[in-house]
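Visitor: Here is how the chains run, residue by residue.
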Amino acid sequence: MAFSEELAISAQGLVKSFGDVRALDGVDLAAAPGTVLGVLGPNGAGKTTSVRVLTTLLTPDGGEARVAGLDVVKDAAKLRSRIGLAGQYAAVDENLTGIENLTMVGRLYGNKRAVAKRRAVELLERFSLTEAGGRPAKTYSGGMRRRLDLAAALVASPPVLFLDEPTTGLDPRSRIDLWEAIEELVGDGTTVLLTTQYLEEADRLADRIAVVDHGHVIAEGTADELKSRVGGMRLEVTLTHCAASFAAISALESMSEEPVHADGELVVVQVAERSGAIMEAARRLSQAGVGADDIAVRRPTLDDVFLSLTGHAPADEEAAVEAELELVVA
Amino acid sequence: MISDTLTLAERALVRLPRNPDMLLAFTVQPIMFVLLFAFVFGGAIETPGYGDYIDFLIPGMIVQQIAFGGFATALGLAEDMTKGLIDRFRSLPTARASVLAGRTLADVATNLLSMVILLVTGFVIGFRFDANVPEILAGVALLLLFGYAFSWIFAVIGMSVSSPEAANGVGFILIFPITFISSAFVPVESMPAGLRQVADVNPVSTMVDALRSLWLGGEMGNSLWLSVVWCMVLIALFAPLAVRKYRLSAGA
Numbered sequence: 001m002a003f004s005e006e007l008a009i010s011a012q013g014l015v016k017s018f019g020d021v022r023a024l025d026g027v028d029l030a031a032a033p034g035t036v037l038g039v040l041g042p043n044g045a046g047k048t049t050s051v052r053v054l055t056t057l058l059t060p061d062g063g064e065a066r067v068a069g070l071d072v073v074k075d076a077a078k079l080r081s082r083i084g085l086a087g088q089y090a091a092v093d094e095n096l097t098g099i100e101n102l103t104m105v106g107r108l109y110g111n112k113r114a115v116a117k118r119r120a121v122e123l124l125e126r127f128s129l130t131e132a133g134g135r136p137a138k139t140y141s142g143g144m145r146r147r148l149d150l151a152a153a154l155v156a157s158p159p160v161l162f163l164d165e166p167t168t169g170l171d172p173r174s175r176i177d178l179w180e181a182i183e184e185l186v187g188d189g190t191t192v193l194l195t196t197q198y199l200e201e202a203d204r205l206a207d208r209i210a211v212v213d214h215g216h217v218i219a220e221g222t223a224d225e226l227k228s229r230v231g232g233m234r235l236e237v238t239l240t241h242c243a244a245s246f247a248a249i250s251a252l253e254s255m256s257e258e259p260v261h262a263d264g265e266l267v268v269v270q271v272a273e274r275s276g277a278i279m280e281a282a283r284r285l286s287q288a289g290v291g292a293d294d295i296a297v298r299r300p301t302l303d304d305v306f307l308s309l310t311g312h313a314p315a316d317e318e319a320a321v322e323a324e325l326e327l328v329v330a
Numbered sequence: 001m002i003s004d005t006l007t008l009a010e011r012a013l014v015r016l017p018r019n020p021d022m023l024l025a026f027t028v029q030p031i032m033f034v035l036l037f038a039f040v041f042g043g044a045i046e047t048p049g050y051g052d053y054i055d056f057l058i059p060g061m062i063v064q065q066i067a068f069g070g071f072a073t074a075l076g077l078a079e080d081m082t083k084g085l086i087d088r089f090r091s092l093p094t095a096r097a098s099v100l101a102g103r104t105l106a107d108v109a110t111n112l113l114s115m116v117i118l119l120v121t122g123f124v125i126g127f128r129f130d131a132n133v134p135e136i137l138a139g140v141a142l143l144l145l146f147g148y149a150f151s152w153i154f155a156v157i158g159m160s161v162s163s164p165e166a167a168n169g170v171g172f173i174l175i176f177p178i179t180f181i182s183s184a185f186v187p188v189e190s191m192p193a194g195l196r197q198v199a200d201v202n203p204v205s206t207m208v209d210a211l212r213s214l215w216l217g218g219e220m221g222n223s224l225w226l227s228v229v230w231c232m233v234l235i236a237l238f239a240p241l242a243v244r245k246y247r248l249s250a251g252a
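Going line by line, the protein sequences match chains F and L. Following UniProt numbering, the numbering of the first sequence begins with 1 at its first residue and continues without gaps. Following UniProt numbering, the numbering of the second sequence begins with 1 at its first residue and continues without gaps.
In short, the hints are calculated from the structure, not lab data. Any given hint could be a false lead.
To be verified - FRET-style restraints, in silico, Cβ to Cβ: (1) F:62 with L:248: 15 to 25 Å; (2) F:169 with L:187: 50 to 60 Å; (3) L:14 with F:125: 20 to 30 Å; (4) F:81 with L:45: 51 to 61 Å; (5) L:14 with F:308: 45 to 55 Å; (6) L:14 with F:81: 18 to 28 Å; (7) L:128 with F:125: 50 to 60 Å; (8) F:169 with L:194: 46 to 56 Å; (9) F:20 with L:248: 14 to 24 Å.
Here the structure is a predicted model, which means the values were calculated and not measured. Backbone N, C-alpha and C define an ideal beta-carbon position, used for all residues, glycine too.
Next up, chain F with everything else stripped away, as it sits in the complex (with noise of 0.2 Å):
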């Protein structure tokens, strides 16, 4: 077919208004098929919307989507047996089993009882729900809960699945095993448009990451690519004495081609490499007589991508934002 070619989902200039609030302000969006595009951004940034347009369940004010060859709004009608689901509220019935509701999610999909049934059997064995199949949804865990949620949005194999921060709300552990359920299905070649707010979470799963804010994709590229934008790994020093912060520079300057930074007792060198990195600045700091709280490595954070594209952290913005909403009601 001639989608297989072209891409899974393509969005240009989409924009969407809520009253006098620009949700979307022209977003573009671009994954090719078999891949993991990650949308990244703080709340309120517009990727709840972006999800919701390219799955029809908004109309958008302008610009033109694509989803697996259909136009989402020319064509929502025959695009919504080709596409999947899974929002962040978990949106399965909690007073119907495990087993029940994938089988009236197969249903609404148009198949037959038995064959609805025989999904829903086989999707309870992949996400390993088996035993909870019988018992209603308020019994399960928050994790058996999105695995489930997940389960319904893959009841009719669609090509492309759409999901609204997976793992918001997840233990660390629920969260590792829902990763390695996405993980196998772009193995099997799903398409997956997938928002968050953890960068830990797009580099992992993502092919690409589009970082939004305002209704606008500010940044786009490999998980790599913005992370060069960002910068390295962080290692953190604390001071016992803000006073030793001179003998503390000069004892960990070699330790990158960077310059290093002090503030108070807080001391900052970029690393290349986590390993080791703690030993070595430990090492050098007491061979120095500099008495240290707390040494740390830190890897580069989604408020890091902020503060580097758009000079301050997401908080910031939304402060802003609020600033900005309560002149325009004054």
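Knowing the structure of chain F, use the given hints to seat chain L on it.
Guide: Just chain L, lined up with the frame of chain F:
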């Protein structure tokens, strides 16, 4: 469309017994109301023209219970909205109207169940039909139509509020007075002027009057065809409103 509607109606019915609050509302609560009215108020209420208060009460009580039958629709829709299930249904290749049609269809089944429970309770405490089988069945059919009309009112309520709790509050405040300021529990003649006029034009009164004449004999007047017209008007008004609300709920 039809199979989607049936699937979603089945879903609403399967989940009902697993929700203890709702199950009580459809089973124990009507029995309790019948017993309270019959034996606490019954002795103090004069019902000229009817054998005794229990005969007078049962049709009124059934109409009231059926008017509230759509509560499951209001609560269910409000819950689906807040929990994201509506988004899931919308993202499926499912007929859009089937979410509402499935809910309201399920109400018809639960209404039939409450009707049976109330009639059995009625028989135990002495209620008797004074009617032939077609008249009894006509009453049942009329009640189901009436319940269906009220389900659409509840569908609009369910999609107009922010949470199931709010749907509960709004539903009670709106529907409770409508069922009480009527001929359901006391003869309208006993009410003070003002209230009495309200009770006279209240569709619940029309409905109760029609049911009493079908099941207990007596003067039919216009009440039967007027009740049918009322139900049609309510459906014509609230079904399109509910569908509109459903469309708008996604902000599309």
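Visitor: None of the hints should be skipped; say for each whether it holds.
Guide: Taking the hints in turn, this is what the structure says about them:
1. F:62 with L:248: 15 to 25 Å: Once the Cβ atoms are compared, 20 Å apart, the range 15 to 25 Å for residue 248 (chain L) and residue 62 (chain F) holds.
2. F:169 with L:187: 50 to 60 Å: holds (58 Å)
3. L:14 with F:125: 20 to 30 Å: holds (22 Å)
4. F:81 with L:45: 51 to 61 Å: 59 Å Cβ-Cβ, so the 51 to 61 Å window holds.
5. L:14 with F:308: 45 to 55 Å: Holds - the Cβ-Cβ distance for residue 14 (chain L) and residue 308 (chain F), about 52 Å, lies within 45 to 55 Å.
6. L:14 with F:81: 18 to 28 Å: holds (25 Å)
7. L:128 with F:125: 50 to 60 Å: Because 57 Å falls inside the window, the suggested range holds.
8. F:169 with L:194: 46 to 56 Å: holds (55 Å)
9. F:20 with L:248: 14 to 24 Å: With Cβ atoms ~18 Å apart, the hint holds.
Checked against the numbered hints listed earlier, the structure breaks none of them; every hint is satisfied.
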